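**Q** Here the protein sequences come in this chain order: Z, U and E.
The opening residue of the first sequence carries number 26 in this note's numbering; numbering runs sequentially from there.
The opening residue of the second sequence carries number 9 in this note's numbering; numbering runs sequentially from there.
The opening residue of the third sequence carries number 8 in this note's numbering; numbering runs sequentially from there.
Simulated from the structure, these hints should not be mistaken for laboratory data.
Quick caveat, the model's predicted, so the values are computed rather than measured.
Among the hints, erroneous ones may be present.
Simulated coverage check for chain Z against chain E, where a stretch passes if three residues somewhere in it have a Cβ under 8 Å from a Cβ of chain E [unchecked claim]: (1) 102-109; (2) 203-212.
Below are the DSS-like pairs computed for lysine-lysine, each with C-alpha atoms no more than 27 Å apart in a straight line [claimed, not checked]: (3) K121(U) / K87(U); (4) K226(U) / K138(U); (5) K155(U) / K373(U); (6) K43(E) / K87(U); (7) K43(E) / K172(E); (8) K138(U) / K88(Z).
C-beta: ideal position from N, C-alpha, C; glycine also.
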Amino acid sequence: MARGMVKKTFLTPLGKDNPVFVQILGICSTLAVTNKLANTMVMVLGVMFTTALSSWTISLFRKQIPSRIRMMVETLVIATYVIIVDIILKAYNPEIWKQLGPYVGLIITNCIVMGRVEAFALQNKPTLSLIDGLASGMGYGYVLLIIAFVRELLGSGTIWGYQVLGSWWTKWAIMVMPPGGFFMLAILIWVVHEGVMKEGKNG
Amino acid sequence: MVVTLIVSVAIITAIATLLALLLVIADATVGNYGDVSITINNERELIVPGGQPLLSLLVSEGIFIPSACGGRGSCGLCKVQVVEGGGAYLPTELPWMSPEEIANQMRLSCQFKVKNPIKIIIPEELFLVKEFTTQVEKIVDLTHDIKEVTLKLIDPPIIEPKAGQFVQFQVPEYALSDESVYRAYSMASSPSNQNHVELQIRLVPHGICTTYVHEHLKVGETIMINGPYGEFYLRDNDRDLIFIAGGSGMAPIKAILLDMAERGDKRRATYFFGARTRKDLFLLDEMKELEGRLENFTFIPALSEPAAEDKWEGEVGLITEVVRRRATNGQNSEAYLCGSPGMIDACIAVLHDIGVAEDAVYYDKF
Amino acid sequence: MGNFLFPVAVFFAAIFTDNILLTNYLGMCSFLAVSKELETSAGLGIAVTFVLAVTTPLNWAVYYLVLVPFQLEYLRFIVFIIIIAAFVQLIEMVIERYSENLYFSLGIFLPLITVNCAILGASLFMVIREYSFITSFFFGLGSGIGWFIAIMAMAGIRNKLRGAKIPIGLEGAGIALIIAGFMAMAFMGFSGMIQIT
Chain Z
26 MARGMVKKTF LTPLGKDNPV FVQILGICST LAVTNKLANT MVMVLGVMFT
76 TALSSWTISL FRKQIPSRIR MMVETLVIAT YVIIVDIILK AYNPEIWKQL
126 GPYVGLIITN CIVMGRVEAF ALQNKPTLSL IDGLASGMGY GYVLLIIAFV
176 RELLGSGTIW GYQVLGSWWT KWAIMVMPPG GFFMLAILIW VVHEGVMKEG
226 KNG
Chain U
9 MVVTLIVSVA IITAIATLLA LLLVIADATV GNYGDVSITI NNERELIVPG
59 GQPLLSLLVS EGIFIPSACG GRGSCGLCKV QVVEGGGAYL PTELPWMSPE
109 EIANQMRLSC QFKVKNPIKI IIPEELFLVK EFTTQVEKIV DLTHDIKEVT
159 LKLIDPPIIE PKAGQFVQFQ VPEYALSDES VYRAYSMASS PSNQNHVELQ
209 IRLVPHGICT TYVHEHLKVG ETIMINGPYG EFYLRDNDRD LIFIAGGSGM
259 APIKAILLDM AERGDKRRAT YFFGARTRKD LFLLDEMKEL EGRLENFTFI
309 PALSEPAAED KWEGEVGLIT EVVRRRATNG QNSEAYLCGS PGMIDACIAV
359 LHDIGVAEDA VYYDKF
Chain E
8 MGNFLFPVAV FFAAIFTDNI LLTNYLGMCS FLAVSKELET SAGLGIAVTF
58 VLAVTTPLNW AVYYLVLVPF QLEYLRFIVF IIIIAAFVQL IEMVIERYSE
108 NLYFSLGIFL PLITVNCAIL GASLFMVIRE YSFITSFFFG LGSGIGWFIA
158 IMAMAGIRNK LRGAKIPIGL EGAGIALIIA GFMAMAFMGF SGMIQIT
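Okay, chain Z solo, but in the shape it has when bound (with noise of 0.2 Å):
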């Protein structure tokens, strides 16, 4: 395997082929929890988990796997995977298990995953298909840790749960309701094409 090559699959989830920004892929599952960056660090710890290692498990069968029952396959692996994280996480976390809900589930869904699988694993080996799991989940990951960032900043005036902003803040309570992930998102992906997509663009 080239060298070239599991650099770039490693690199272009996290720029220029972000699956949030281009895909618009996999928030749903996800957007609810970034209102704490805790949380948002756990889940997205979670994808990233399940993506590398369904990809990875999928590319090793992939020859094995029947056509017709392929997305049968792909989603029970999924599962299995998140069912793992599930278990972790309540025995280490409780209490941040209780409070994700059913969001740690919802992972299953999550269209990176099975989109990783169905896009790449299907036709790389296992070892790239790793990579490019970990990678996706990552490009996912950092773009809602911002989100959960300026969420958490300004709606609670803490980072991580520390008070950062003093008593003087007035909490904008709009950013940890629904709305505020829905605004936060939108603004985020109208700076990104504004800048960095237009120069792709043109180039």
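We have chain Z already, so just place chains U and E on it with the hints.
**A** For chains U and E alone, coordinates are given in the frame of chain Z:
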């Protein structure tokens, strides 16, 4: 622990089996539409199991409709004319259909499911697309990085292409690629040579197919190809012809010229062939011979960076400069271009400048 | 609140105060992709409502009658998803066979929603909130109707926006998200009307 494991596996299996059973029963009863007939071009009749998309039914009968997305309804390529028994359009088809296509009863064959007898019209060319088992008959070095591969057709033994079309070459699994892949190559052989297909394959560093051909392919080996495909063939009219090619872009032009020679075509034709140095030029003798056989044909090879030892006396410069110098009046010309995208784009601009109409430029980028 | 009224309260809460799309962000992918066309949106909305109303109580039954007695609650993700997938496929086959009209308006969208997070999400909420069988049905139905209302409103607004001048960077998903944000704010106005815990 062990009991838990067994119980959980048993429960999952039981639920999955139950659901699978339910689906199988439903498939056999509710989803069973019996056999239906598909009449093609009013001549052939196929009897197929109903309820499946037209695209996959045709593929299983050996008729290949072009499709890029593999039947997910997202490329809009697999259109087929259904003249009888089509029924209403599905919402998933409509985004791909223009009003004319709807008037012509075109359907998206990957979405359209056959549930009752239908009649369809398929362009004759698509029947000609077949999968061929071939045997490597000859491998010749044309230059330091281009090989000419001659394939003898075994089953079916005859191909009926138009000069200039291409085939897809199936590269088997080997060290660089752990699954077989397809690559498209233009046929360099004359269409009258129906039992053989000649390909010119240039080595691209790390290219899956070219590396295979250059380093692993042996005479006598069995290779699968399918085709012929493509819109790059000579249009029938009396306009003057400008051919421009570089590298292995020679292949389709050579096929077109051979075909013209066999038909005794008297159209005025000029062939510009660009290369870097003398060692990148090939088939000069064949071209000289074609100049003899074709009344109004001129071959103009050009080198962009001739080396001192080449002792080159022909045209020098980028192919675009040479075309601009030698072909001045293009109003009554049509052009056929085959080469790298960069070369083609540059040449299209030059052709436009010398007056060749936009719709008279045909090209094959690779 | 009486036991009898609880399912009704849950039903209305799922539509307004606790809208599955606008407060829980579930079903966003198909929401953003499909809401460009009113007709398609209606088809998808009805399909989601129907599947939600059936799979939520169905999953309730499997969860409480099979998984809980065997202490296999942690397997619910896998079980729920295969039940949803199988059910959707089954319904598609039946509809395709018996009603062409229904297939065109509804059936064709069914494969698209197997992986819709709203469907699985409702089943998972049902477990966490410990709803009864009846309540699960009303919760599923209400969530579906809420989703339907949200996507129809969005498709209507996007229809009106055709030809409007929108900053290039906001075209498509960006503007849709902003609209969703305002809709979510509007729906916040319902909060306090129904209190369920």
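**Q** Against each hint, give a clear statement of whether it holds in the structure.
**A** Against the structure, the hints:
no. : hint              : result
1   : 102-109           : holds (count 4)
2   : 203-212           : holds (count 8)
3   : K121(U) / K87(U)  : holds (13 Å)
4   : K226(U) / K138(U) : holds (24 Å)
5   : K155(U) / K373(U) : holds (19 Å)
6   : K43(E) / K87(U)   : holds (25 Å)
7   : K43(E) / K172(E)  : holds (16 Å)
8   : K138(U) / K88(Z)  : holds (25 Å)
Hint compliance for this structure: no hint is broken.
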